[in-house]
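Engineer: Counting in this note's numbering, the sequence shown runs from 91 upward without gaps.
Rather than coming from a laboratory, the hints here were simulated on the basis of the structure. Predicted, not measured: the structure shown is a model, and the values here were computed from it. Just to be clear, a hint being listed does not mean it is correct.
Computed Cβ-Cβ distance ranges for the label pairs, DEER-style [said to hold, decoys possible]:
(1) Glu126 x Val159: 14 to 24 Å
(2) Asp214 x Gly124: 20 to 30 Å
(3) Pro141 x Gly105: 21 to 31 Å
(4) Pro143 x Glu173: 55 to 65 Å
(5) Gly105 x Asp202: 30 to 40 Å
(6) Asp170 x Ala97: 43 to 53 Å
(7) Pro227 x Glu126: 31 to 41 Å
(8) Gly115 x Asp192: 25 to 35 Å
(9) Ala146 x Thr216: 29 to 39 Å
(10) His231 x Pro143: 39 to 49 Å
(11) Gly114 x Val225: 24 to 34 Å
(12) Asp170 x Ala146: 18 to 28 Å
(13) His200 x Ser95: 17 to 27 Å
(14) Gly124 x Gly153: 18 to 28 Å
Cβ atoms here follow ideal geometry from the backbone N, Cα and C, with glycine treated the same way.
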Amino acid sequence: MTIESWAGWYRDHLGSDAATVFAGGGVIKLRIRGVEFEGKRLDDLRPAAEPLPDGAPFALANGALTDCVLEWDQPVTVTDGGEDGAERPATLSCLFSLRRTDPDVHLALHLDGALYESARAERDFTAALAAIRNVLPEDVHLRAPAL
91 MTIESWAGWY
101 RDHLGSDAAT
111 VFAGGGVIKL
121 RIRGVEFEGK
131 RLDDLRPAAE
141 PLPDGAPFAL
151 ANGALTDCVL
161 EWDQPVTVTD
171 GGEDGAERPA
181 TLSCLFSLRR
191 TDPDVHLALH
201 LDGALYESAR
211 AERDFTAALA
221 AIRNVLPEDV
231 HLRAPAL
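Based on the provided sequences and hints, a complete structural model is requested.
Structural biologist: In structure tokens, the structure reads:
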């Protein structure tokens with residue numbers, strides 16, 4: 091099992107902090123302020139060890155991380171529809187807003203100087219990824235990212 095990781099940012103009512111996002115084997119992990127969270131979906135990240143350390147300032151709803159924003163960039167690969175199926179590197183910028191009632195995702199694919207975006211408030215990562223695939227040129231195919 092390959093685990094990929096990306097540096098990013100976590101923002102909440104206390105400010106911004108560096109965060110690391112890990113994905114592999116169907117599990118997403120996040121390390122913020124020295125505390126690890128994990129889950130199968132971004133909108134269901136729970137403390138890896140409970141209870142939270144004393145004084146750990148995180149908002150939880152039904153045990154899952156909430157009232158925050160996660161942001162990171164991850165490298166992805168696109169292929170073109172030509173005979174050689176050439177692979178090209180691209181960057182997927184991810185913005186995930188975890189709110190108690192309606193979490194949302196915004197993705198932006200940076201490819202060859204162009205920007206392809208999902209809507210600002212897709213309901214989940216899969217829907218946001220599908221929105222990007224729908225606006226890509228017909229001969230460009232985005233490989234599934236690790237998340």
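Engineer: Now tell me if each hint is right for this structure.
Structural biologist: Results for each hint:
Under the hint 14 to 24 Å, the C-beta atoms of Glu126 and Val159, about 19 Å apart, fit the expected range. Against the hinted window of 20 to 30 Å, the Cβ-Cβ separation of Asp214 and Gly124 comes to about 28 Å, which satisfies the hint. A C-beta distance of roughly 23 Å is found between Pro141 and Gly105, which places it inside the suggested range of 21 to 31 Å. Against the hinted window of 55 to 65 Å, the Cβ-Cβ separation of Pro143 and Glu173 comes to about 56 Å, which satisfies the hint.
Remark: the range hint 30 to 40 Å for Gly105 to Asp202 is upheld by a beta-carbon distance near 35 Å. Separation of Asp170 from Ala97 is about 29 Å and departs from the stated range, judged on CB atoms against 43 to 53 Å. The hint said 31 to 41 Å for the Cβ distance between Pro227 and Glu126, and at roughly 39 Å that hint holds. Between Gly115 and Asp192 the beta carbon distance is about 28 Å. The supplied range of 25 to 35 Å therefore holds.
Range check, Ala146 to Thr216: about 30 Å between beta-carbon atoms, so the 29 to 39 Å window is met. About 44 Å separates the C-beta atoms of His231 and Pro143, a value consistent with the hinted range of 39 to 49 Å. At about 28 Å, the beta-carbon gap between Gly114 and Val225 stays in the expected band of 24 to 34 Å. For Asp170 paired with Ala146, a C-beta distance near 46 Å fails the hint of 18 to 28 Å.
Evaluation of the 17 to 27 Å hint for His200 and Ser95 yields a pass: the beta carbon distance comes to about 19 Å. The hinted range of 18 to 28 Å is satisfied by Gly124 and Gly153, whose Cβ atoms lie roughly 19 Å apart.
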